[in-house]
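Novice: What follows is each chain in one-letter form.
Protein chains: 2
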Amino acid sequence: MGFHDCSTDRGTRPDKLAKHAVFATPQMFLDVWCLAPGQGQDAHAHAGSTKFYFVLEGRGRFAAGGEERELGPGGVCWAEAAEPHGVRNDSDERLVLLVGMAPRPGA
Amino acid sequence: MGFHDCSTDRGTRPDKLAKHAVFATPQMFLDVWCLAPGQGQDAHAHAGSTKFYFVLEGRGRFAAGGEERELGPGGVCWAEAAEPHGVRNDSDERLVLLVGMAPRPGA
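Those sequence lines, one after another, are chains P and Y. In short: position in the first sequence from 1, add 4, done, that's my numbering. In short: position in the second sequence from 1, add 4, done, that's my numbering.
Just so you know, the hints here were simulated from the structure itself, not pulled from any lab data. In this text the structure is predicted, and so the values were computed from the model without any measurement. Accuracy of the hints is not assured; some may be wrong.
[Unchecked claim] Partial list, derived from the structure: chain P residues whose beta carbon lies under 10 Å from chain Y:
#1 L21
#2 P30
#3 T54
#4 A83
[As the list claims (entries may be wrong)] Rough simulated footprint, nothing fancy, chain P against chain Y, three-plus residues with beta-carbon under 8 Å:
#5 9-21
#6 25-35
#7 39-51
#8 80-90
#9 93-101
[To be verified] Label pairs and their in silico Cβ distance ranges:
#10 R73/P - A25/Y: 27 to 35 Å
#11 P77/P - A40/Y: 18 to 26 Å
#12 A25/P - P88/Y: 22 to 30 Å
Glycine included, each C-beta is placed from N, C-alpha and C at the ideal position.
Let the sequences and hints guide you as you build the complete structure.
Specialist: Spelled out as C-alpha cells, the structure:
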C-alpha cells in the first residue's frame, strides 16, 4: 500500500516520453507519463493485459482498435488484451497521462 | 477498447457514494466515484486484487494498511491484495475519484 502525490510528476525528457512510476503490484502498474510536443507511443498490443490512458493535462491523439480520437483532460482511452493502441502528442503543449496496465508485463 | 469523457461524470446521490462505470474488462475495472460531503467507503479488503483511488477533484481522507492520509487533486492511495483500505469525504465539497481495481471482483 502507499500514498503518492502525482501532481508534481511533470518532468519531460528530450529523447522520448518520460515515465514516472506511481506503483507496481503483481496485478497492475500505475504511471504518470509526460509527453513533450511531437512525442508518442507507437501502436502496439499486449497479449493478456488491459491498458488505459487517462488525460490529466493537455491534449493528445489516441488510437485503439483501429479508431482514433483526440482527447483532453478527463478523457480516457482503453484497450483490452491484444487490441492495438497508441498515443501521440501533436499539440504545442505538454501532454500528461495517468497510465495503468493490468496485469503488468512480466507479472 | 473504447473512449470516454470522464469530465462529465460528476453526479452524486443522497443515499451513498455514486459510482460511474468507465470500463470493465476481464483484467480490471475503472470507475469515477463522486462522494458528497460526509460520504465514504468503510475500510475493507480484497483477497486477490490491487485497488487504487486517484483524486480528480476535492479532498478526502484515505486509509490503507493502517495508515491515514488527506489527499487532494493528483493524490493517489493504493492497496495491494488483502490490505484494508477506505476513503471518507470529511470536507464541505464534492470529492471525485478515479477508482481502479485489478482484477475486478468476480473476474
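Novice: Work down the list of hints and note, for each, if the structure agrees.
Specialist: Structure-based check of all given hints:
{"no.": "1", "hint": "L21", "in the structure": "violated (19 Å)"}
{"no.": "2", "hint": "P30", "in the structure": "holds (7 Å)"}
{"no.": "3", "hint": "T54", "in the structure": "holds (4 Å)"}
{"no.": "4", "hint": "A83", "in the structure": "holds (5 Å)"}
{"no.": "5", "hint": "9-21", "in the structure": "holds (count 4)"}
{"no.": "6", "hint": "25-35", "in the structure": "holds (count 7)"}
{"no.": "7", "hint": "39-51", "in the structure": "violated (count 0)"}
{"no.": "8", "hint": "80-90", "in the structure": "holds (count 8)"}
{"no.": "9", "hint": "93-101", "in the structure": "violated (count 0)"}
{"no.": "10", "hint": "R73/P - A25/Y: 27 to 35 Å", "in the structure": "violated (19 Å)"}
{"no.": "11", "hint": "P77/P - A40/Y: 18 to 26 Å", "in the structure": "holds (23 Å)"}
{"no.": "12", "hint": "A25/P - P88/Y: 22 to 30 Å", "in the structure": "holds (24 Å)"}
Checked against the numbered hints given earlier, the structure breaks hints 1, 7, 9 and 10 and satisfies all the rest.
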